[in-house]
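Protein sequence lines correspond, in order, to chains E and W. Take the first sequence: its position 17, counted from the start at 1, is 17 in our numbering, and no numbers get skipped. Just add 115 to the spot in the second sequence (first one is 1) and you have our numbering.
In short, the hints are calculated from the structure, not lab data. Please read all numbers here as calculations on a predicted model, not as lab measurements. Warning: the hint list may mix true and false statements.
Lysine-lysine pairs mimicking BS3-like chemistry, simulated, CA-CA at most 25 angstroms apart [to be verified]: (1) W:Lys157 to E:Lys7; (2) W:Lys217 to E:Lys65; (3) W:Lys172 to W:Lys186; (4) W:Lys183 to W:Lys130; (5) W:Lys173 to W:Lys130; (6) W:Lys157 to W:Lys217.
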Amino acid sequence: SAVISQKPSRDICQRGTSLTIQCQVDSQVTMMFWYRQQPGQSLTLIATANQGSEATYESGFVIDKFPISRPNLTFSTLTVSNMSPEDSSIYLCSVRRSSESYEQYFGPGTRLTVT
Amino acid sequence: QQQVKQSPQSLIVQKGGISIINCAYENTAFDYFPWYQQFPGKGPALLIAIRPDVSEKKEGRFTISFNKSAKQFSLHIMDSQPGDSATYFCAARRDSGGSNYKLTFGKGTLLTVNP
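I would like the entire structure built from these sequences, with the hints used as guidance.
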């Protein structure tokens, strides 16, 4: 498995501001992903964080709203920009060792509340 | 369009009983079916997984049954314990192109095991 940490673990932010969430993995992984989990709901993939290139976003998610960085094989950031109360969710970092690996692991999540 | 349908939405079981959660899918391109366990305030943890070339996989008290022809798979928790109380998500993996494997999640089942 992989040990994944996220910072911050939770935050309360004001409408219109931005928050950057960090994801650190204890070993190098090829694949890193960012998911959103709205209260009481399932997991929705936001984007795949690609090292050295722009992230690949899923339908309904755009780079201007959720810019992502992936400077190396153990670290990624997700920024939630110009936040509104609808962005209140848990944001989860997830990793797979390689593109073909079956096992996928999740971090502890960042619980974001926007007021 | 929900590609993985999970039921029931919630489940209450007595301690020592068997918990059964079901999932169904339509896309025959799925090639890996994991189950995740999520406790409140935590990220999803990979619990057990199966590939479609086997019909059953058992790990301790947890068993996955897989019916390829019916396109259904289920999680059985034997001798359920209060500590098993959590939300369980089934998922299915497919290649969305160029070895770009993605997980699709069910909506989750909230399991409560009464002492």
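Hints versus structure:
no. : hint                 : verdict
1   : W:Lys157 to E:Lys7   : 14 angstroms, holds
2   : W:Lys217 to E:Lys65  : 22 angstroms, holds
3   : W:Lys172 to W:Lys186 : 16 angstroms, holds
4   : W:Lys183 to W:Lys130 : 31 angstroms, violated
5   : W:Lys173 to W:Lys130 : 20 angstroms, holds
6   : W:Lys157 to W:Lys217 : 22 angstroms, holds
Violation of the numbered hints given earlier is confined to hint 4; every other hint is satisfied by the structure.
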